[in-house]
Every structure is written in structure tokens, then in C-alpha cells.
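Number of protein chains: 2
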Amino acid sequence: MSVDEFSLIDEYFAHRQHSRRDVELGIGDDGAILTPAAQHQLVVATDTLVEGVHFDRTTPPRALGHKVVAVNLSDLAAMGAEPCWLSLALTLPQIDHDWLTDFSSGFHEVSRYYGCTLVGGDTTKGPLTITVTAHGQLPNGRAITRHGAKAGDWIYLSGNVGDAGLGLAATQGRVQLPAAHLQRVVEKLHYPHPRVALGQSLRGIASAAIDISDGLLADLGHLLQRSQLAARIDLNELPLSLALTETVDTDTALRYGLTSGDDYELCFTVPEERRGMLDTALAHTAVKPICIGQVIGGRPGSMQLSLDGQAWQMPEQRGFNHFGDDHAVSE
Amino acid sequence: MSVDEFSLIDEYFAHRQHSRRDVELGIGDDGAILTPAAQHQLVVATDTLVEGVHFDRTTPPRALGHKVVAVNLSDLAAMGAEPCWLSLALTLPQIDHDWLTDFSSGFHEVSRYYGCTLVGGDTTKGPLTITVTAHGQLPNGRAITRHGAKAGDWIYLSGNVGDAGLGLAATQGRVQLPAAHLQRVVEKLHYPHPRVALGQSLRGIASAAIDISDGLLADLGHLLQRSQLAARIDLNELPLSLALTETVDTDTALRYGLTSGDDYELCFTVPEERRGMLDTALAHTAVKPICIGQVIGGRPGSMQLSLDGQAWQMPEQRGFNHFGDDHAVSE
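Note that the protein sequences, when read in sequence, are chains P and A.
Offset between the first sequence (1-based) and this note's numbering: plus 2.
Offset between the second sequence (1-based) and this note's numbering: plus 2.
For the record, the hints were derived by calculation from the structure and aren't laboratory data.
Heads up, a few of these hints could be off.
To be verified - Result set (SDA-like, lysine to any residue): computed pairs, CA atoms no more than 25 angstroms apart in a straight line:
#1 Lys290/A / His99/P
#2 Lys152/P / Val25/A
#3 Lys152/P / Lys152/A
#4 Lys152/P / Leu27/A
#5 Lys152/P / Gly30/A
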């Protein structure tokens with residue numbers, strides 16, 4: 003495999019980009035030249051997917067192309083930014099043209115859907131590792147952070163949690179579920195939908211936000227720690243799919259919903275006085291977030307979980323099975 | 003190794019950053035929030051170093067931390083941009099605190115020297131792979147590209163070429179050289195100096211520029227191809243170190259200078275009418291570029307090499323030995 007073969011693969015990426023007027027120069031020089039919007043700030047996020055850790059050889063390459071973009075756009079969404087430009091660092095064990103065709107299709111489809119474009123990157127030989135750096139923009143001072151929550155703010159979740167974790171368990175043969183459910187949860191695992199429009203509509207409404215990549219408890223915990231507050235969560239409000247509740251018992255379903263990762267929903271907090279603004283904003287989005295609890299004083303990052311009005315304790319975990327240590331999914 | 007251990011390593015990076023006023027929020031949220039300068043454009047470059055391809059286990063971790071920043075800043079320098087913000091995607095086989103201490107020292111030292119700062123990234127478990135995305139800024143319309151060279155422009159090189167290649171050959175035991183030379187060329191291999199100040203001083207003077215990462219012939223070839231032109235190169239002008247000329251014969255020294263990579267000098271073109279501006283600009287830089295030839299019409303990317311007024315043909319390569327296919331160094 004030569005330098006030329008590696009530069010050949012630029013073909014998969016350089017010639018399939020839609021143009022943005024703010025890209026003066028994209029792939030093909032030492033760097034991209036980009037023109038930021040006046041009076042706007044940049045939001046920059048980076049996520050890496052590693053074979054054997056975040057996915058395995060059964061993961062379709064088109065899904066990988068989709069997912070590595072989607073997880074980064076999810077970070078931008080959590081901050082309220084509009085996605086603009088992507089850089090891709092692709093480390094490949096060999097040049098596999100079928101793989102590249104599928105991977106680049108997934109990559110370009112989701113980029114195009116959300117109006118952002120690949121502007122550069124690097125291709126190297128080595129163990130399969132995929133890093134994307136995503137650049138978004140938003141008007142000055144309008145970014146939503148993790149540290150802005152206040153006691154009394156309501157906690158919302160943008161959609162079902164636990165499905166991607168169930169999808170992972172299903173692809174690993176750890177649970178059995180009917181074909182219709184199976185397809186839906188594996189789709190959710192492989193082709194997550196970052197909440198890009200919702201994130202932007204939450205500017206000036208949400209006091210804090212985070213995306214759920216490592217599981218609701220872990221990620222909401224990060225938000226609470228950065229805000230130096232605690233939370234109470236009403237598990238009766240936790241949005242769970244039929245695929246999940248019809249497949250496993252209630253305790254297990256709740257544990258998936260609370261601890262499994264890769265759902266890429268947004269969790270955000272809204273002050274009481276802005277709930278009306280939220281309702282108005284949501285009239286224009288397809289996503290209907292659910293209120294699952296409230297921010298309270300207490301040990302930073304701690305959470306009180308209740309079910310049917312009773313304190314609920316997570317049952318002992320009956321075993322772990324996951325690609326890597328940072329994507330723990332219990333069953 | 004758990005999520006917590008991986009987030010612990012943020013300690014090596016988050017608390018050692020110097021602050022820039024344009025970083026509203028750095029490490030610790032879903033993304034960084036950055037405030038671009040008014041009337042400026044962004045330049046974004048990405049480079050990846052992979053163990054077993056770009057370096058091996060004998061490479062000091064401090065050198066890796068330095069080099070992964072330096073190679074990206076070199077790309078920004080080639081476009082005339084001022085370095086501002088860095089993202090780091092670090093994939094590690096395990097948490098090794100000594101390694102992280104050294105790596106982060108190298109990373110921070112070179113970042114601080116050039117006035118840029120780490121604003122975010124991702125840490126994952128897997129085969130050692132290091133990707134940096136560097137963000138620079140420059141006044142609107144002042145970027146230097148690869149495609150702006152015109153026939154008649156003079157071709158300059160910012161410093162010696164071939165030393166890093168000789169350093170690599172020495173660390174691999176393929177050449178022997180005296181201790182003083184050895185230290186110098188290994189230092190050049192491990193701790194390259196990106197030509198950041200020179201790059202910025204070339205704005206409005208150079209018609210095109212590129213940094214030498216893959217070897218002069220390869221990289222000047224890229225510049226010429228993008229500019230749809232050819233070049234004549236006077237090898238008597240090629241800047242070669244004593245370490246190189248005293249270690250190998252002339253033909254071999256020239257081959258190192260022309261084909262070995264990792265020198266990170268700038269190669270740039272200057273129109274005849276701007277040579278005076280160049281002299282003025284160089285009065286303020288420590289680096290003194292050398293004119294090695296001229297852009298001419300001809301097959302795009304082709305080069306005529308001459309030595310002592312005679313056409314010079316590269317001797318047959320007597321063997322290859324390199325980390326990977328994209329860092330070919332002949333001896």
C-alpha cells in the first residue's frame with residue numbers, strides 16, 4: 003500500500019461534498035480556510051470510535067460513517083450550535099474499496115442531512131480508528147453549557163433511553179427480541195439521530211444541557227456536578243420504548259434506561275419561568291421532550307430516584323458485557 | 003481500566019493550559035466555546051501519528067507530545083495562519099502515568115511556545131493513535147495556498163532538508179554518525195520546529211506555500227500540481243546540513259534532502275516583484291530561506307533537477323527501510 007493509494011481514498015471524500023459558502027478552501031491543501039459568521043462563536047467537539055472498543059467487525063461500515071458524524075453533532079446540539087464543518091482522521095489497516103464506499107456514504111448522508119460538510123483531515127495506516135472534529139456556530143453568548151442549572155429547574159429528556167443499549171445486547175446475542183423490535187433498536191444503535199434542531203431551539207430557554215452518550219445517570223451526573231447541584235428523578239416519567247418494556251422486566255428496563263449509553267438524546271434543564279417559552283419552541287420541533295424530574299440542592303451530582311412514589315434503588319448488576327470498559331451495558 | 007481512570011487523565015491536560023481570552027469554555031463540556039477574531043478567517047488542519055507507522059516504542063513520549071502539535075502547526079504555518087486552539091484525540095492501550103506526564107509535557111511546552119492552547123478532545127482505549135486538529139486564524143483573504151504559484155516565481159526553502167530522515171535512519175541503526183551529529187539529527191526528527199513566524203510574515207509575499215512533511219520532491223510536487231506548473235531546481239542551492247554531507251556521499255545526501263520526510267520546513271514561491279518585500283520581511287525573522295529554483299511551464303508537478311549545471315538523475319534507490327509505506331526513507 004503506497005502513499006498514492008492512501009491519497010486515492012481522498013476521492014471518496016473530496017468529490018462528494020456539498021458546498022457551503024463559508025468554505026473558501028476545503029480538502030486538498032495544508033488546511034481548510036473557513037469564514038466564520040460575524041458576531042458568532044465557534045463550538046468545537048471531538049469524538050473517536052475505535053474498533054474493538056466502540057464497535058466490532060459486525061458493525062456495518064455505513065453505520066460507522068453515520069455514527070462518527072452523529073455523535074459529534076450530538077455534542078454540538080447539546081450546546082445549541084448549528085453544525086458547519088467536519089474534519090476526519092481515518093486510520094485504516096488497509097484500503098478496502100467496498101468498506102470505503104459504504105463508510106463514506108454513511109458519512110456524507112448524515113453530514114448533508116444536517117447541512118455540514120467535510121473540510122479536511124488525515125488518512126493513515128494502522129488499527130481502525132476514526133476521529134471526527136466537528137465545528138458549529140451560534141450567536142455570541144448563546145451557547146448552552148453543563149454548568150448553568152439552578153435549584154428548582156425542571157429536567158427534560160428529549161426521547162427514549164435504553165434502546166441503543168438493548169440493540170447492543172441483541173447484536174451480541176445477550177437478549178432475544180421480536181424481529182420488529184430488533185430492527186428498531188439495532189437501527190437506533192447504528193444510526194443515532196443527533197437532536198440538532200432541538201438543541202438550537204433551546205438557546206435562551208435551557209439553563210444547562212448535555213447529550214446522553216454514556217447513559218442518563220452518568221451524563222446527568224456530569225451536568226449536576228458542573229452545576230454543583232443534585233436532582234430528583236421520577237422514574238414513572240422516564241421515556242422507555244415498547245421494544246424495551248416488552249423485552250425485559252421493569253427493573254431491567256429501568257436499568258437500561260438509566261445506565262446504557264449511545265442513545266444521543268439531550269438531557270436539559272429549564273427554569274420554571276421559561277417553561278412557557280419551551281412549549282412555544284417545541285411547537286416547531288418534531289421532538290417532544292419529557293419532564294423527568296427537578297434540580298435540587300444536595301451533594302453535587304447525586305440523584306434521588308423514585309418509582310410509584312417510593313425511593314428506588316438500582317438492583318445489583320447481574321453481569322457486564324460490553325465492547326470496552328467505557329461502554330458498560332448491564333442486562 | 004474504567005471510565006473514571008480515563009477521565010482522570012484529563013488532569014494531565016485540563017489544568018496545565020494557559021488561558022487565551024478567546025477561549026470562553028475549554029475542556030470539560032460537550033464542546034469548547036471559542037470567539038473568533040472579527041474580520042478573520044479560520045485555518046483548520048488535522049494530522050494523526052500512529053504507533054508502528056509514524057513512530058515506534060523507542061520514540062520518547064515527550065517527543066510525541068511535541069511532534070503531534072508541531073506537525074499541525076507546520077500546516078498552519080504553511081498557510082500563514084496564527085495558531086490558536088488545539089483538539090486532541092488520544093487513543094491509549096492503557097493508563098501509564100509516566101507516559102502521560104512526559105507526553106503532556108511535550109504537548110504543553112510546544113503549545114505554550116507558539117501561543118496556542120488545548121481546548122478539548124477525546125480519550126479512548128485502543129491501539130496508540132494520536133490525532134490533533136489545530137485551528138489558526140488570519141485576516142480575511144490573506145491565507146497562502148498551494149495553488150497560487152505562477153511561472154517565473156522563485157522557489158524558496160526555509161531551511162535544511164534531509165536531517166530528520168538521517169535521524170530516522172540513525173535511530174534504526176541504518177547509518178552511523180558522530181555523537182554531535184547524531185544528537186542534532188535525532189533532535190530534528192523528534193522535536194521539529196514549525197515555521198510559524200515565517201509563515202505569517204509571508205502573507206502577501208508568497209504566492210504559494212507548503213510544508214515539507216513527505217519530502218521536498220513529493221510536497222513541492224503537490225504545490226506544482228495544484229498550481230498546474232513545473233519547476234527547475236538547482237541542487238547546488240539545496241540547503242543540507244554538515245551532519246548529512248559529512249555522513250553520506252553527495253548523491254545519497256541529495257536523495258535524503260529531496261525525498262526524506264519529517265523536516266517541516268516551508269517551501270514557498272515568490273514572484274520576482276515581491277523579492278524586495280521578502281528581504282524586508284526576513285530582516286525580522288531568525289529563519290533565512292534559500293532560493294533553490296524557479297517555477298516554469300511544463301507537465302504539472304514535474305521537476306528538472308540540475309547539479310553543477312548538468313541535469314541530475316536520482317540514483318536507483320538501494321533499498322527501503324521505514325516505519326510505514328508513507329514515510330519512505332532510502333539510504
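Going through the hints against the structure:
1. Lys290/A / His99/P: violated (45 angstroms)
2. Lys152/P / Val25/A: Holds, at about 24 angstroms.
3. Lys152/P / Lys152/A: Violated: Lys152/P and Lys152/A sit about 61 angstroms apart, past 25 angstroms.
4. Lys152/P / Leu27/A: Answer holds: Lys152/P to Leu27/A is near 19 angstroms, not above 25 angstroms.
5. Lys152/P / Gly30/A: This hinted pair holds, its Cα atoms lying about 19 angstroms apart.
Hint check: violations occur at hints 1, 3; the rest are consistent with the structure.
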